[in-house]
Amino acid sequence: MSTSVKRVYGYLAEFESASALYKGAEKVRDAGFKKWDCYSSYPIHGMDDAMGMRRSILPYFVFFGGSTGLLTGFSLAYITQVVIYPTVVQAKPANIFTTSAFFPIMFELTILFSGFTVLFCLLGLMGLPRLNHPLFASRQFHRTTDDGFFIAVEARDPNFSPEDTKALLEEAGGTNIELVEEED
Amino acid sequence: MAHHVTSKDLPLHGEKVKSSDLALPKLISLIVFAIGAVISIILFSLDSTSDGYSYSWLFAFMFFISITLGGCFWVTLHNVTNSGWGVSVRRLMENLGFVFPFMAVIAIPLMVPSVQNDLYEWMQHHRDVNHEYVDENGEVHYSDRENAKAAAKEAAGVEYHKDYLQIQTLDEAGVAKADHGAYSSPYKGAFKSDHKSLLYYKAWYMNLPFWLARVIGFFVLLGLGIWIQRKLSTDQDTDPKPTCERLIKTRQLSCLIMPIFAVVATFIALDFMMALDYKWFSTMYGVYFFAGCAINSMAVLILTLTWLRSKGYLKIVTSKEHYHIMGKLLHAFVIFWAYVSFSQFMLIWYANITEETTYFILRNTDEWWYGSISLTFLHFALPFALLLPHYVKKTVIFIVPICVYMLIMHAVDLYIAVIPERGVSLTHGKELFVSHPAYLGDIVAFITVGAFFVYVFLRNIGNTNTYPNRDPRLLESANLHN
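Residue numbers (our numbering), protein chains in the order written: chain P, 1 to 184; chain U, 1001 to 1482.
Excised from the complex, chain P in its bound form:
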């Protein structure tokens, strides 16, 4: 007989509509929880406020990614076409004042590097890609891609307690409250 250690992931509560989810989220937010999330099959306007989420730090990464692209584009063009091998076309000079000619490549590399930064930093911040998620153990959770609205409060949160959190979710309007366990 095999024994497997199971660890509590948290509570999963179902809500009957988007507005019920919104109001429930406000209650969970006000109870001071940090490690929790809402699940819905479509974006709900104003949900970030209802969840009390802070703004993402992604824009700062993108700014530096884009700046790196700008400098890369400038260096690539300037070093090769002005410093190492001055490229004279139609008797136009090759010097710092002809940087205008490099603007397209500087622009393109800014966009490219910004795009890469967005993609990879976004995946990194979301913790993706991952092979599995503990909530997949729940039998009702698949409905989140169809007509289900859920809130999951993680046991990692310092405010978590088996009784109080369940009571909170019930009070917030959650039904079918389920303790989700993940296999370790």
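These aren't lab readings, by the way, just hints derived from the structure by calculation.
Where a beta carbon is used, it is the ideal one built from N, C-alpha and C, also for glycine.
The reader is advised that the hints may include incorrect statements.
Pairs of lysine-lysine, DSS-like flavour, derived with a Cα cap of 25 Å [claimed, not checked]:
no.	chain 1	residue 1	chain 2	residue 2
1	P	23	P	35
2	U	1241	U	1008
3	P	23	U	1008
4	P	27	P	6
5	U	1328	U	1394
6	U	1279	P	92
One side of the interface only, derived from the structure: several residues of chain U facing chain P at Cβ under 8 Å [what the hints assert, rightly or not]:
no.	residue
7	1352
8	1388
9	1481
Computed far set for chain P versus chain U, every beta-carbon distance over 12 Å [unchecked claim]:
no.	residue
10	5
11	34
12	60
13	123
14	154
15	156
16	167
17	170
18	173
Please build the complex by placing chain U on the supplied structure of chain P, with the hints as guidance.
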């Protein structure tokens, strides 16, 4: 999100700016305009300043008409895209756009032949060929072919008599050819043999009657366009049974007005600014001017919104979110301006065709070079970086200085588009600048036209409610969240 705005929070009959709040600024702007107009008349009539002041006036005219054109653009765009976010600031846009038809008053000096001859070489050439000349009193005379030379001698005091004589002799060659039986247009004789073939080939478009017809057409067509959109919107304010009828009608009409706006904005740039050098070609010029219109007017809209909010108006229906969206649009058009103006520069720069490069060669010579190069950094790079963070767009103390800054930078942009032509045109290419301090005239013209603009804008604001209080989507806009 703060308190959710409902119709109970709003006054039943909307909100109007108290005349006591507007009286003083209106009076000041009117007095400034009156004084400026008197000085302008003197400057236009003095021989030593009239030629240079024509350029000052054109610069001021272009700057302020670009703001009003932008107002027309935002109203029409708002209606054509059926937008809900800006209903509470739409009246500001309408009032700004409705200054456009009044700008025809400022265009009047540009209809005077002597002013036109100072500004537009092509008009001067056309007048010469038509045996039309302007004497020192600014009056227009016509002379027939026999008397042409005598008339030219008579007009010896006229600045451009040299060109006049030259064209006359060449014109006679054209006449001699016509004696052999075939009709020869006077333009063909004069322009083709005088290395002015561009003027000959462009004569179907660049001729005096068509130019005048176009200018009248601009003001009538787009003037009607903005008038009807504003009228439908203000009528809604007092309708006891406001329905969606006007909303739908405005939306349908705006689809028609949008192409009219595009044509009018483009050809105002072409006929007033690009025509300063008739030899120049650029297909980007209209879009380039339009990008500036959008920047200018959005900056003015944000400043006006802030001013009205500081007086206690529009407080309930607008919020930080409106600032955020308007700041984003300002940012977008800063980028668009850079994209378009750089495209224009780069295509001309690498194609390296004589007719095209003249524009940038002039603007990259000596003192003008500093202006042109500073546009890259100060009109694009700096505001682009400053407007990136969201809180800059949302916070009044950040966005207001940036709007003022953008207006200044865009004045520099238009200054560099118009004024460099002054020195080379008036000295026939010998000098970069005219001898007298013409920049003082630039300041006078700017203040005069600016005061007129402010007066009409304030008058428009005072005549209507501050927001369309019976628009069905007002609450959607008041509770904007983005």
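Which numbered hints fail: 4 and 12
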